[in-house]
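> One-letter residues, chain by chain:
Protein chains: 2
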Amino acid sequence: MSTVPIKDLSRLCIHTITTKPWSIEEAVRHYSESGVRGITVWRDALRNRNIKQTGEMLRRYGLTVVSLCRGGFFPNVDLNTRKAAFDDNRLAIEEAYELGTNKIVLVCGADPAQPLEESRKQIFDGISALLPEAASAGIKLAIEPLHPMYADTRSAINTISQANDMVKSLNSSWVGVAVDVYHLWWDPSLEKEIERCGRNNLLLAFHISDWKSPTTDLLNDRGLMGEGCIPIRKIRSWVDTAGFDGFIEVEIFSSEYWKQDQSEFLKKIVTSYKKYA
Amino acid sequence: MSTVPIKDLSRLCIHTITTKPWSIEEAVRHYSESGVRGITVWRDALRNRNIKQTGEMLRRYGLTVVSLCRGGFFPNVDLNTRKAAFDDNRLAIEEAYELGTNKIVLVCGADPAQPLEESRKQIFDGISALLPEAASAGIKLAIEPLHPMYADTRSAINTISQANDMVKSLNSSWVGVAVDVYHLWWDPSLEKEIERCGRNNLLLAFHISDWKSPTTDLLNDRGLMGEGCIPIRKIRSWVDTAGFDGFIEVEIFSSEYWKQDQSEFLKKIVTSYKKYA
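Chains V and W supply the protein sequences, listed in that same order. Residue numbers for the first sequence follow numbering that gives the first Met the number 0, so the first one is 0 and each next one is one higher. Residue numbers for the second sequence follow numbering that gives the first Met the number 0, so the first one is 0 and each next one is one higher.
None of these hints come from the bench; they were simulated from the model. Keep in mind that a hint or two might mislead.
Repeated chains share a single entry, so a pair holds when one copy, or any two copies, can fit it.
Calculated cross-link-like contacts (lysine-lysine; reagent style DSS-like; alpha-carbon spacing at most 25 Å) [unchecked claim]:
hint, residue 1, residue 2
1, K267, K211
2, K274, K211
3, K266, K233
4, K191, K167
5, K233, K120
6, K211, K120
7, K233, K211
Since this is a predicted model, take the numbers as computed values, not measurements.
Make a model of the complete structure from these sequences and hints.
This is the structure:
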């Protein structure tokens, strides 16, 4: 495999949720001191803050605001709930604009009370209706296919092939795909679909973490890179080959790590990034 | 959808693991009294028993022994462990023959210490080497693709498309596919791949249960049919259309149900089978 370790941290981005116990002010100070150069902001981290000023603060620390996480959750059997979700996505576009990022990650949603096909249709319609506003704000929407174990409530888009197909149907330069190794590592068509995604300039984001054996919780037991069985560097080589040169984003949900000292955890993130990303 | 409820229990099969607290002697007595006509035997249920006599007992109760569960777990980084697994699969063929069933379900295995591609190769090689003995014993091997959340340690075959491809490569009438709705319901290509599987006469088994929202455990929180979001009857209609007319097998791993009175649980299985299968 030709892909080699990245010796510096110029492409390292961390999601605020990864160090959830920290406020965004604490997070950015620590990230900056450690040499991290990118941050993806989860919307809960912006609560009770002036978003524009928060964006300015992040940049003063020398960080790029890689994306806002997350929009989506379009499907619902109830029309009013769908409308509320759509309005929340419009709000996310405003927030992203204020924050000064050019990308929103979409966790597309699913409603177990209706067929997956219906949820997929509602996702398509939701994104489609959102695209004009995204375009006028200069914000790209990144569809993140989620692991099939989240097909009941979190996303009816569960493979990169589905995401690529949907992006193709949407036919807009304002929508693309976010590749997260945790969700996609098992897929035998992953290399081919990453290539397809890159060829069409649709690869907007690359998220990393690891799959622990055993994994004890469906949501909050992700591992640090190197702790599990995901061939992270191999997948990065595919992403490299596909022409992606953006940030490599560490997104770890872990009840275990959230209990620990976050400064120590951040050191581990940096070390494992250098070794395994 | 044209598929209608099956009014009688002539096609209902239950896996012994579903009523794990019962011995196989208790299970068969209760199944038989309830009108169940098929049983799939998990190998742990045969421990310390004469297998031939156990098979005869099951038939005396009027039950068909639908399959033996399970062979597989072929891959391992260590050659001796692989050899031991292979010998255990040979033993499973003997046990199936003694028991008087003509089918073994394969949970193919995976080793997180090696790439999925290598595990897949070892699965192919293992089944390939096993086929002559399976054929001479008159036992078919059913590859069961497992949900991607089990790709680390339980199976590197995670979609029906992969299973169909592997069966095609193996090119033997002694190997086919077991479709389990719990593992496959999320897959957008499921209908098409069930059709492909049936067209080639490779659909050997059909397992049902349900996906609960939320699911609280990766292994032992399966739902009774109707408790979750899997469109069981819709998938059965695809299986029907594909020409499958074998047993419909209830396979539920549930810490919750295993704690309850198993006679009450069995009544619920029969009721939900009639309503949702």
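> Should K267 paired with K211 be assigned to within, between, both, or neither, using CA atoms and 25 Å as the limit?
Intra 16 Å, inter 35 Å, cutoff 25 Å: intra-copy only.
> Is the C-alpha distance from K191 to K167 at most 25 Å within one copy, between copies, in both cases, or in neither?
both (16 Å within a copy, 21 Å between copies)
> How would you label the pair K233, K120 (within, between, both, or neither) given a Cα cut-off of 25 Å?
between (33 Å within a copy, 18 Å between copies)
> When no copy is specified for K266 and K233, does a C-alpha distance of 25 Å or less occur within a copy, between copies, both, or neither?
Answer is within: at 23 Å inside a copy they meet the 25 Å cutoff, but 50 Å across does not.
> Given identical chains, is K211 near K120, meaning Cα to Cα at most 25 Å, within a copy, between copies, both, or neither?
between (33 Å within a copy, 23 Å between copies)
> For the identical chains here, do K274 and K211 meet the 25 Å Cα criterion within one copy, between copies, both, or neither?
Within one copy only: 17 Å inside, 38 Å across.
> What label fits K233 with K211 when the C-alpha limit is 25 Å: within, between, both, or neither?
The answer is within: 17 Å in one copy meets 25 Å, while 34 Å across copies does not.
This entry satisfies every hint, going by the numbered hints stated previously.
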